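Protein chains: 2
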Amino acid sequence: MAPFEKPVVAVDLGGTKITAAVITRKGEMLSRIYRLTLAREGPQKVINHMVDAVKLSVRKAGLELSAIGGVGVAAAAIIDISRGLVTEAPNLPRWHHIPLRERLAESLGKPVFLLNDASAAALGEYRMGAGRGLDNLIYITVSTGIGGGLIINGQLYNGTDGCAAEIGHMIVLIDGPACKCGQRGCLEAMASGTAIARMAQQRLAAGGKSRLAELARGKIEDVTAELVTVAARRKDGLALSVIDEAAGYLGIGLANLVNIINPQMIIIGGGVSKMGAMLFSPARKSMKEHAFKLPARTVRVVRPRLGMDAGLMGAAIFAQEKLRPICPALGAKK
Amino acid sequence: MAPFEKPVVAVDLGGTKITAAVITRKGEMLSRIYRLTLAREGPQKVINHMVDAVKLSVRKAGLELSAIGGVGVAAAAIIDISRGLVTEAPNLPRWHHIPLRERLAESLGKPVFLLNDASAAALGEYRMGAGRGLDNLIYITVSTGIGGGLIINGQLYNGTDGCAAEIGHMIVLIDGPACKCGQRGCLEAMASGTAIARMAQQRLAAGGKSRLAELARGKIEDVTAELVTVAARRKDGLALSVIDEAAGYLGIGLANLVNIINPQMIIIGGGVSKMGAMLFSPARKSMKEHAFKLPARTVRVVRPRLGMDAGLMGAAIFAQEKLRPICPALGAKK
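Chains as they are written, first to last, in the numbering used here: chain A, 1 to 334; chain B, 1 to 334.
A couple of the hints might just be wrong.
One copy or two, it doesn't matter: identical chains are merged, so the pair holds either way.
Dumping the calculated DMTMM-like pairs for lysine to aspartate or glutamate here, alpha-carbon to alpha-carbon at most 25 Å [stated by the list, open to error]: (1) 322 <-> 135; (2) 293 <-> 102; (3) 285 <-> 221; (4) 209 <-> 244; (5) 55 <-> 226; (6) 322 <-> 52; (7) 60 <-> 221; (8) 209 <-> 64; (9) 288 <-> 88; (10) 209 <-> 222; (11) 6 <-> 175; (12) 293 <-> 175; (13) 6 <-> 245; (14) 180 <-> 289; (15) 235 <-> 28.
What the hints contain is simulated information worked out from the structure, not anything from laboratory work. Keep in mind that this is a model prediction, so the values were computed, not measured.
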């Protein structure tokens, strides 16, 4: 069997956990396993955990490593795609210019393909989720940070180095609040889970009345985006207004993307997106107010259909496409 | 001779003048003529001027209309590309949903292809100018307003409706200065010629000392970006610091694009770009400070090579490509 006909292993490398799954060409998941990333142990240890996870997932699927065509890795990191490097990774301490692709390939004896996790999710949703059949779409993940992936003219667009779609680090408020990346006023600093928590904490510290104080047992610094969501569901005024404000900023980020990319669809995933209408309604409204009418009317802003599997599915599809032999006659892409 | 082998007429429709040129498949310009747009006369009269300009350019090239394959039009407007409409055009009064493509095609009996002027310039520079041989580039025109065009994976990217790359209306300062488009804090309101004039006027009104007052004969409201440039060339402190500030904002816009698109090149054209190093040096510096290191190191920020002809050349190439028969075997694009 040619490598591209074999199942692949998809690996999702996050700051907290590693997921590995054996996935067939048709998108069937034969196994799925989790491991803790234990990021504080440093890059080489984490890579060892990834190798273990791959082997375990293959065993759990009842297969040998020889039955696997290759490995697709989606990582929460800035990727240098042509060299297979993790350039920077805010949630993985000491990951600077780590040749992840090469190290995994050596340990596993398999071809490895590496991409950013939000790009993988974009590819997954495009091929098997909410974006099927479209040409131009943007995937945005809103959680602790904000990441993105672009499908342009029916193809995953990774940019020249493989680090395109860093949507969270689009500056929308010059000299605005500090962002983890070192800049100020990035979309991530205005509309991520981190930003929501910070805004709620600031309002509480300024004497705002809210159930949040009680939910966090009086410790303002323990207020998280999750707690803000819980309070908002219980109609807490402060929590609702914080979410409204963050969603308004998110909408401005969406409007910028709508004016620049003019996509058919924007898919918003990630932990914060689970708020649902509470986030989506004001974000859509703000987007429509801040973008040109024509592209704003075209774009649909929706939730992902693959949920948390979008990245894994995308990593599998990415590997499968790279493994396929280049044959212009068949229209296969390089 | 098949239509795609014939020369085409390229038309550049601006707020002030209409340019028409007969251009061969090889990019040779056989003639070029100008007419005033006289935009205040309204859409139908302007369309008549365009028809006249096309006919005149053909005659000047010593040809008959029957020798022309088609017409490519680059317009300073928001274009609905699939329907051939001018949706909005800030510099063309009363142009709302004008079926420009159809009206020209009827009057001329030729196929007409319509696109945004900055997109046309992007295509021109990509095929025959500074961006030859690259895959991913952004063209930005900085003049009274700020427009843009995108080349993605070696193809002009117009977006779903044909109105992508509205780079000037990316919001970089929430609640910032008012923009002509009705929003606040757009890049155009921070770094265009209009913004430079406004900033200089504000500083003069606040009592700032400068040669500008004298250059504008004491009339602060007559200070333009051109005058600011003249004063800056004469080392005027206020003028230099205004340009520096605007270039810094431009650099933030560039950084956002670098983080989102990760292009190989950004080409900055338009009237304001003629300032040269005075604008480019601080803009490049600011871009590098505000973007991620990897994509910032990759991108080159350069001036156009075709100058004011980029849009005309792009319109001609656009028409020629659309006229070419679809033949997958030859690799021709639809």
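Here's how the hints hold up against the structure:
1. Proximity of residue 322 and residue 135 under a CA criterion of 25 Å is satisfied in both settings, with 20 Å inside one chain copy and 19 Å between copies.
2. Within a single copy, residue 293 and residue 102 get their C-alpha atoms only as close as 47 Å, which misses the 25 Å cut-off; across copies the closest is 22 Å, which meets it.
3. Taking the closest pair of Cα atoms, residue 285 and residue 221 never come within 25 Å of each other, the shortest separation being 31 Å inside a single copy and 37 Å across copies.
4. Taking the shortest alpha-carbon separations for residue 209 and residue 244, only the intra-copy value of 17 Å comes in at or below 25 Å, while the best inter-copy value is 45 Å.
5. When the C-alpha separation of residue 55 and residue 226 is checked against a cutoff of 25 Å, the pair qualifies neither within a copy, at 34 Å, nor between copies, at 66 Å.
6. Only within a single protomer do residue 322 and residue 52 lie at most 25 Å apart by alpha-carbon distance; the minimum there is 23 Å, versus 53 Å between protomers.
7. Taking CA atoms no more than 25 Å apart as the test, residue 60 paired with residue 221 passes in neither setting, with 42 Å inside one copy and 75 Å between copies.
8. Within a single copy, residue 209 and residue 64 get their C-alpha atoms no closer than 59 Å, and across copies no closer than 79 Å, so neither meets the 25 Å cut-off.
9. Taking CA atoms no more than 25 Å apart as the test, residue 288 paired with residue 88 passes between copies only; the shortest distance there is 16 Å, against 34 Å inside one copy.
10. In this assembly of identical chains, the alpha carbons of residue 209 and residue 222 lie at most 25 Å apart only when taken from the same copy (16 Å versus 52 Å across copies).
11. In this assembly of identical chains, residue 6 and residue 175 lie within 25 Å of each other by CA distance neither inside one copy nor across copies; the values are 51 Å within and 54 Å between.
12. With identical chains, the CA atoms of residue 293 and residue 175 are at most 25 Å apart between copies only, with a shortest distance of 20 Å across copies and 29 Å within one.
13. Taking CA atoms no more than 25 Å apart as the test, residue 6 paired with residue 245 passes in neither setting, with 48 Å inside one copy and 57 Å between copies.
14. Taking the shortest alpha-carbon separations for residue 180 and residue 289, only the inter-copy value of 15 Å comes in at or below 25 Å, while the best intra-copy value is 28 Å.
15. In this assembly of identical chains, residue 235 and residue 28 lie within 25 Å of each other by CA distance neither inside one copy nor across copies; the values are 41 Å within and 68 Å between.
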